[in-house]
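Participant: The residues making up each chain are set out below.
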Amino acid sequence: MQTRQYWRRNLWLTGFLLLIWFVVTFVASYYARELDQFMVFGFPLGFYMGAQGALIIYALIIAFYAWYMNRLDRQFSTSEGGD
Amino acid sequence: MNDSSAQLRRYYTLYSASFFVFVVALAILEHYGMPPRWIGYAFLFLTLILYATIGVMARTSNVAEYYVAGRKIPAVFNGMATGADWMSAASFMGLAGTLYLSGYQGLAYVMGWTGGYVLVALLLAPYLRRFGQYTIPDFLGARYGGNAARLVGVFATVLASFVYVVAQIYGVGVITSRFVGLQFEIGVFVGLAGILVCSFLGGMRAVTWTQVAQYLVLIVAYVAPVAILSYKVTGIPVPQIMYGQVLQKINVLEDRIASDPAELDVRRLYLARADSFSARINGLPESLAVERRALSAEIEKMKGGNVQMRDVFALERQRRELPKSPEAARDYWESLQQQAAQRGSELIRHTEPFPGKDEAASDTARLNFITLVFCLMVGTAALPHVLARYYTTPSVREARNSVFWSMLFILALYLTAPAYAAFAKYEIYSNLVGSAIAHLPSWIGAWGKVGLVSIEDINHDGILQLAELSLNPDVIVLATPEIAGLPYVISGLVAAGALAAALSTADGLLLTIASAFSHDVYYKVFRPNATTQWRLVVSKTLLLVVAVLAALVASQKPATILYMVAWAFSLAGAAFFPALVLGIFWKRANQAGAVSGMVLGLLVTMYYMVRVQFDTIPWLGIHGIGMDPWLGIQSTSSGVWGVAIGFVTIVVVSLLSDPPNREIQNFVERVRYPDVFRR
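First to last, the protein sequences are chains Y and E.
Its first residue numbered 7, the first sequence is counted upward by one per residue in the working numbering.
Its first residue numbered 406, the second sequence is counted upward by one per residue in the working numbering.
Mixed in with the good hints, there may be bad ones.
Across the chosen pairs, the derived CB separations fall in these ranges [unchecked claim]:
| no. | chain 1 | residue 1 | chain 2 | residue 2 | range |
| --- | --- | --- | --- | --- | --- |
| 1 | E | V1057 | Y | I26 | 24 to 34 Å |
| 2 | Y | E40 | E | A746 | 23 to 33 Å |
| 3 | E | G537 | Y | Q11 | 21 to 31 Å |
| 4 | Y | L66 | E | H436 | 41 to 51 Å |
| 5 | Y | I26 | E | A411 | 32 to 42 Å |
| 6 | E | Y1012 | Y | W13 | 35 to 45 Å |
| 7 | Y | E40 | E | Y1012 | 34 to 44 Å |
| 8 | E | A843 | Y | I26 | 33 to 43 Å |
| 9 | E | I646 | Y | W13 | 34 to 44 Å |
| 10 | Y | Q11 | E | R993 | 14 to 24 Å |
| 11 | E | R993 | Y | E40 | 40 to 50 Å |
| 12 | Y | E40 | E | R661 | 25 to 35 Å |
| 13 | E | G551 | Y | Q11 | 26 to 36 Å |
Don't read these hints as lab results, they were simulated from the structure.
Please read these numbers as outputs of a predicted model, since none were measured by experiment.
Glycine included, C-beta positions come from ideal geometry on N, C-alpha and C.
Kindly produce the complete structure, drawing on both the sequences and the hints.
Facilitator: This is the structure:
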């Protein structure tokens, strides 16, 4: 039972983060022309997303995944020990 | 663990400090008149000696140390090593140049080569680490059972890694020939020596620690010149933030250039030239003879008149270099026609996404952009030399953290590359374009000699128009210090950085190829009883053989090398990505499915790239195989088809055949869950 719960949480997280990844990569690129109407820090937004925005979000995705999964591993190992 | 980690940090702090002192010392010596060539030598040999020392100190005869560095590399250092492993000569030299030349379109590489790490982090690295063997084919072999999946994996590893390693060694040849004036072929073998001292004695352990050292050199070398440039232009040395302003200035300059009558005139002249080549191609085979007669007539006329011999020689050379056969003439003129048409085409706006002459062309450009990003990402998450790095961390936890560190260290370069392009473009557009050709700065001549810069005054007005300047992408990074008028020691530093980038990637790749042969083919398939000592002997011998072969290929200066590197991503993605991901996330995937999916994915990718890219393959005697791309997708993105077909095939074939046995299902469970769940 434990294993199934662990795996389900992992899959949800992975799916959710991949969705963010997909949006900032492909959806943002697809609409780059439209996004260019907005400016951030002096950059057109479409260009900014490809040059910096998406990259920073990638780093955040990876950091969150590592933090969450490492915590999940610890939680499950202590509950296993406690049983 | 913590003790050794603190000690490592001390070592590398000391190392960075001494490197800094070394650079400053050279700067002082330059000020007192040390010639540039000596500075080049100092950088080349001192860094090589440094890497060699680390390589020799980290020598080993233990199998686990040799293949996976004893799984003792802390997350931060593994991140740095991955960064160096990952950032190749192409990232270091080519990326900023590509962004310079194609503006927004070049961002496909920036996104693709970083976003792939999201896939590595979420879908592969922790599971591979929990599996905990030596190579990527190892995983395929264990997951799908039998040797078939393993051997297909070996084939794909070697195919993708070998082209890539050739490109690195080629890069070393370019750098050494430019900066220390070695002959290209000799430079290639100096590079070879540099690679071998790192990987030969100590395998993964030595490669890891030299890669950490190389990362530090390459990142300083990459960021320093553009930070100085940023300081000169904007007063703040943080190029990554300041280039937004510069982009706006570029926009203004672009408006001016695009409406300059002389510039328009030059572009018209290039288009006229492109048309004349088209006419000649259409007139084949007669046009070749006509061309030769016209040249001969002109030479005769000149010989009679009062002209300089130099001009006559130039024409004679032109006549000599005319292609011999109509087929060769077609290829030759087509390339000239494309060149002229490109130079005559409208100015590419730096920040404009998907430029095209109409809606349809723009949509095709967008489709190509998105598919290229996809292929680069999937390829990143499938290149064996990167994935194998995550076997070297002490735990699954550290593997997850390590991907994050890798990403941070890689971002340091990828966030800078677009800034590099913007600052270089600003310098060139504002200072170079519109100046007198007789008084151009000296770097143009120096790089012209190596064939990376060329200038043609097509409208004979003595003024440089933008379209008259043609730059090889590599030159942007290599020449920026000179473009910005910085001292030569910075140029030397950049060369050392480029060298570090090329060597570190080549090390990782060579080791991956040698391990695939020695571990997966020799040990796992042919001689499961071989002693560990003998396995290492085989591995080291193979490393030597592969390295020499790669250097020999590189010294031939293969022309299509850049295309081939882009192809390596598509090939690796199509071969590995579906099989690895489904192997972890879908228990039902079985051997028949995986093998047929990998083979079919590879075949479709290769079929598409060859037929879209080439019409004839002279050395195989094949003609007329060219085809129109499907949906207008270029050959560099051919992995889209391969990956899609790979996934579909694995699913369909697996469902049509028996599910994998109990043992393999247990294996998948083991890879998915932490140890505590194992009962």
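Participant: All hints, please: hold or fail.
Facilitator: Now for the hints, and whether the structure bears them out:
1. Separation of E:V1057 from Y:I26 is about 30 Å and conforms to the stated range, judged on CB atoms against 24 to 34 Å.
2. Between Y:E40 and E:A746, the C-beta spacing of about 30 Å keeps the proposed range 23 to 33 Å intact.
3. Between E:G537 and Y:Q11 the beta carbons are some 24 Å apart, a value that agrees with the proposed interval 21 to 31 Å.
4. Checking the proposed 41 to 51 Å range against Y:L66 and E:H436 shows it holds: the Cβ atoms sit about 44 Å from each other.
5. The given range of 32 to 42 Å is respected by Y:I26 and E:A411, whose C-beta atoms sit roughly 36 Å from each other.
6. The hinted window of 35 to 45 Å between E:Y1012 and Y:W13 holds, with their beta carbons roughly 38 Å apart.
7. Between Y:E40 and E:Y1012, the C-beta spacing of about 36 Å keeps the proposed range 34 to 44 Å intact.
8. Distance hint check for E:A843 and Y:I26: the Cβ-Cβ separation is about 55 Å, which falls outside the suggested range of 33 to 43 Å.
9. Separated by about 42 Å at the C-beta atoms, E:I646 and Y:W13 satisfy the suggested range of 34 to 44 Å.
10. Here the CB-CB span from Y:Q11 to E:R993 is close to 21 Å, well matched to the stated 14 to 24 Å.
11. With their beta carbons about 41 Å apart, E:R993 and Y:E40 fall inside the hinted range of 40 to 50 Å.
12. Distance hint check: the CB atoms of Y:E40 and E:R661 are about 27 Å apart, consistent with the given range 25 to 35 Å.
13. With their beta carbons about 33 Å apart, E:G551 and Y:Q11 fall inside the hinted range of 26 to 36 Å.
Hint 8 from the earlier list is the only one contradicted by this structure; the remaining hints agree with it.
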